[in-house]
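Protein chains in written order, with the working numbering: chain A, 330 to 725; chain B, 330 to 725.
By construction, these hints were calculated from the structure, which means they are not laboratory data. Warning: the hint list may mix true and false statements.
Remember, identical chains collapse to one label, so a pair may be satisfied in a single copy or spanning two.
[To be verified] Straight-line distance between alpha carbons at most 16 Å, and here's what the computed EDC-like set of lysine to aspartate or glutamate pairs gives: (1) K566 / E531; (2) K688 / D663; (3) K582 / E543; (4) K390 / D654; (5) K390 / D532; (6) K468 / E605.
Protein chains: 2
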Amino acid sequence: MFKIFPIKNGLENVLGFYCDGVNVGMREPDTAGDVAFIRSDEPCMVEALFTRNKFQAAPIKHFQRYPDGFETNFLLMNAKNANAMTGEQGIEDIDALFEKLGEKISLVNPIMSSTGVIGYRLNQEKIATAFDRFDYNSKNSDTTARAIMTTDSFKKELCFKIELEDGESFHIGAICKGAGMINPAMATMLCFVTTDADIPKEDMQALLLEATEESFNRISVDGDTSTNDTVMLLANKRSGAYHKEAFQEALNKILFELAMMILKDGEGANKLVAFEVTGAKNLQEAQTASRALSNSLLVKTALFGEDPNWGRIASTIGASGVACDDTTLTIHYDNLLIYSNEFRELDEEREEQAYKIMKQESFKVVCDLGLGSASYTSYGCDLSYEYVKINAEYRT
Amino acid sequence: MFKIFPIKNGLENVLGFYCDGVNVGMREPDTAGDVAFIRSDEPCMVEALFTRNKFQAAPIKHFQRYPDGFETNFLLMNAKNANAMTGEQGIEDIDALFEKLGEKISLVNPIMSSTGVIGYRLNQEKIATAFDRFDYNSKNSDTTARAIMTTDSFKKELCFKIELEDGESFHIGAICKGAGMINPAMATMLCFVTTDADIPKEDMQALLLEATEESFNRISVDGDTSTNDTVMLLANKRSGAYHKEAFQEALNKILFELAMMILKDGEGANKLVAFEVTGAKNLQEAQTASRALSNSLLVKTALFGEDPNWGRIASTIGASGVACDDTTLTIHYDNLLIYSNEFRELDEEREEQAYKIMKQESFKVVCDLGLGSASYTSYGCDLSYEYVKINAEYRT
Numbered sequence: 330m331f332k333i334f335p336i337k338n339g340l341e342n343v344l345g346f347y348c349d350g351v352n353v354g355m356r357e358p359d360t361a362g363d364v365a366f367i368r369s370d371e372p373c374m375v376e377a378l379f380t381r382n383k384f385q386a387a388p389i390k391h392f393q394r395y396p397d398g399f400e401t402n403f404l405l406m407n408a409k410n411a412n413a414m415t416g417e418q419g420i421e422d423i424d425a426l427f428e429k430l431g432e433k434i435s436l437v438n439p440i441m442s443s444t445g446v447i448g449y450r451l452n453q454e455k456i457a458t459a460f461d462r463f464d465y466n467s468k469n470s471d472t473t474a475r476a477i478m479t480t481d482s483f484k485k486e487l488c489f490k491i492e493l494e495d496g497e498s499f500h501i502g503a504i505c506k507g508a509g510m511i512n513p514a515m516a517t518m519l520c521f522v523t524t525d526a527d528i529p530k531e532d533m534q535a536l537l538l539e540a541t542e543e544s545f546n547r548i549s550v551d552g553d554t555s556t557n558d559t560v561m562l563l564a565n566k567r568s569g570a571y572h573k574e575a576f577q578e579a580l581n582k583i584l585f586e587l588a589m590m591i592l593k594d595g596e597g598a599n600k601l602v603a604f605e606v607t608g609a610k611n612l613q614e615a616q617t618a619s620r621a622l623s624n625s626l627l628v629k630t631a632l633f634g635e636d637p638n639w640g641r642i643a644s645t646i647g648a649s650g651v652a653c654d655d656t657t658l659t660i661h662y663d664n665l666l667i668y669s670n671e672f673r674e675l676d677e678e679r680e681e682q683a684y685k686i687m688k689q690e691s692f693k694v695v696c697d698l699g700l701g702s703a704s705y706t707s708y709g710c711d712l713s714y715e716y717v718k719i720n721a722e723y724r725t
Numbered sequence: 330m331f332k333i334f335p336i337k338n339g340l341e342n343v344l345g346f347y348c349d350g351v352n353v354g355m356r357e358p359d360t361a362g363d364v365a366f367i368r369s370d371e372p373c374m375v376e377a378l379f380t381r382n383k384f385q386a387a388p389i390k391h392f393q394r395y396p397d398g399f400e401t402n403f404l405l406m407n408a409k410n411a412n413a414m415t416g417e418q419g420i421e422d423i424d425a426l427f428e429k430l431g432e433k434i435s436l437v438n439p440i441m442s443s444t445g446v447i448g449y450r451l452n453q454e455k456i457a458t459a460f461d462r463f464d465y466n467s468k469n470s471d472t473t474a475r476a477i478m479t480t481d482s483f484k485k486e487l488c489f490k491i492e493l494e495d496g497e498s499f500h501i502g503a504i505c506k507g508a509g510m511i512n513p514a515m516a517t518m519l520c521f522v523t524t525d526a527d528i529p530k531e532d533m534q535a536l537l538l539e540a541t542e543e544s545f546n547r548i549s550v551d552g553d554t555s556t557n558d559t560v561m562l563l564a565n566k567r568s569g570a571y572h573k574e575a576f577q578e579a580l581n582k583i584l585f586e587l588a589m590m591i592l593k594d595g596e597g598a599n600k601l602v603a604f605e606v607t608g609a610k611n612l613q614e615a616q617t618a619s620r621a622l623s624n625s626l627l628v629k630t631a632l633f634g635e636d637p638n639w640g641r642i643a644s645t646i647g648a649s650g651v652a653c654d655d656t657t658l659t660i661h662y663d664n665l666l667i668y669s670n671e672f673r674e675l676d677e678e679r680e681e682q683a684y685k686i687m688k689q690e691s692f693k694v695v696c697d698l699g700l701g702s703a704s705y706t707s708y709g710c711d712l713s714y715e716y717v718k719i720n721a722e723y724r725t
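Excised from the complex, chain A in its bound form (with noise of 0.2 Å):
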């Protein structure tokens, strides 16, 4: 019916989208840009799913000072400076670079996005800098996905193609940028989405919904939320094409595939672990344990020490508060069982494999619960030295 496949790159397949980064000094200039920009070439349909942090950035703000179902046709992004805490001062910097901005090229309702340390001023005169260095027709994924890097150590993007079977075709592409504060309430991280499918504007929530809550909902490196968690989809309906189905589809593929890139950068992590609850009461339930396995601090370590020690997903378990019981319960790593009512020691050989699992780049923890038939999957990663040192040096 369809066929959805991955294309080069990140955004600059995407039909009527230009973008472009630049350095303006606000990062070490060798590594990558620090400011960057999407624009459509017409104002096209914008839904954006914010950071649940009460203290939400200026630049969010500022976006919620639009009306409902507005269209823009300019998003400016820069890293190293969150625009966060800043009060109503961070909305009237946002407010002046766009003027500067508007002298340069014609904005409809433009929106601004940030991330970097918190409770700083934008450096107007840094940022509107970068207004005559843009190419503003460039369809530069690359220097744009490596603009919004904090602590991420590799840029992530990535692109669809959807066909369908009368041949037309659309496709959505992304750029993201997350590495720690990473919390399964949307995580904290930017990702920007653009696509020339012919959306339903009634369509749009829903299906940014769906993906968001099948990725980055389920992803945990430090359990924490920040302050500028954005997710949004910016849709120009450019190739007249669209399959409701497909679309939701290679979204969701393509949200849970950066969302695992995110894990797989987590600040000093090495393992990607898949932490499955089954058989619980309810959701809520299956959710609530799962999530404690990921944001465990004892349970990252015993990961990164690679030690199959049972104990403490037990007793995490147990801890989180859900219904559960000792005799119902069993404990598998990928498909070894590591823990039932009647094997309750591990022996000698279930030990050493047990070892070999833990050593793989990524494996599976599930735990059955017994009791129901709820399930909930969230994804988490280890915790290493390097966590520390990234996070105790970060402002620095």
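Given the coordinates of chain A, work out where chain B should sit on it, guided by the hints.
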């Protein structure tokens, strides 16, 4: 009206109680013991608070099989093995041990407490060798306190003598273990308090609840709660003296000081920080925000890095879900203003002062939400490389 003063060591001055610890080879012999006891020469009252973890360890289930209000004359303790997730067998193992022990000394409703690794049966033979080696008439608080240590780097014991106006006096002694898996839902620890005060049975529970709420329920090392957490009060009335207010004050003091010792010994921790949240709409919200701070990985690593990055403090409060507003919020480190609506950016002078405060071994982070009059203080520590090392390598 009454005087409370510290006297030597832990349990040895409390009338009618005896204790000793030996090494039976579960721990490397040169460091400390691994099996210990506390006994009362006549059956004494016992009140205990246990972990909220759903997977309560076998010794806790064994305790709960006795009828309400039972008296005991013997508490057996061991380290290195939690006897948790061991099922019915774990409880039978305790009974079997007490059958052997009963051949050496008369037992009335004996109880047990264990700490260590989850998921292995107790080594009956090794533990039973202690029964021949215990000095049942010893008052060796030192060997007893050392025998319950796990990742603790120092033993924890305290004793207070309380002198009443009429010249009468009584004692409260305590030993405690804990360094990691510490969360404000009693913390992962064992604490045993003995007293010769003539407490009416009906006062026991309220006294212990209040003292625990003000101490162990307010500390966090890593946000995890174990299967074995126990705070236990053993009272034999031997002194004939009692004064409720004096007892409560002394018990609060002793448990608070032990809780602070746990934090100072927090795995790899270098700093003790009080997180005082004031001006909250209600107590629940003050507690939620305060605990979010003491549990946050990003706050803890910033403390380790001695970085006055108040953005992480603000962001954590915002993410905790409590009502808050960046125009009414103020943040102080000790008495230094770090953030307010008027002073959103740290100038160089205040930043310099903030560095100095953060270099101290202990200091206060005070967050006034400016929305009400409720307040709550919890206590936490920094997160260092050492924490990761200890917990990656724990079981081996």
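Please name the hints from earlier in the document that this structure breaks, with their numbers sorted from lowest to highest. Violated hints: 5, 6; rest satisfied.
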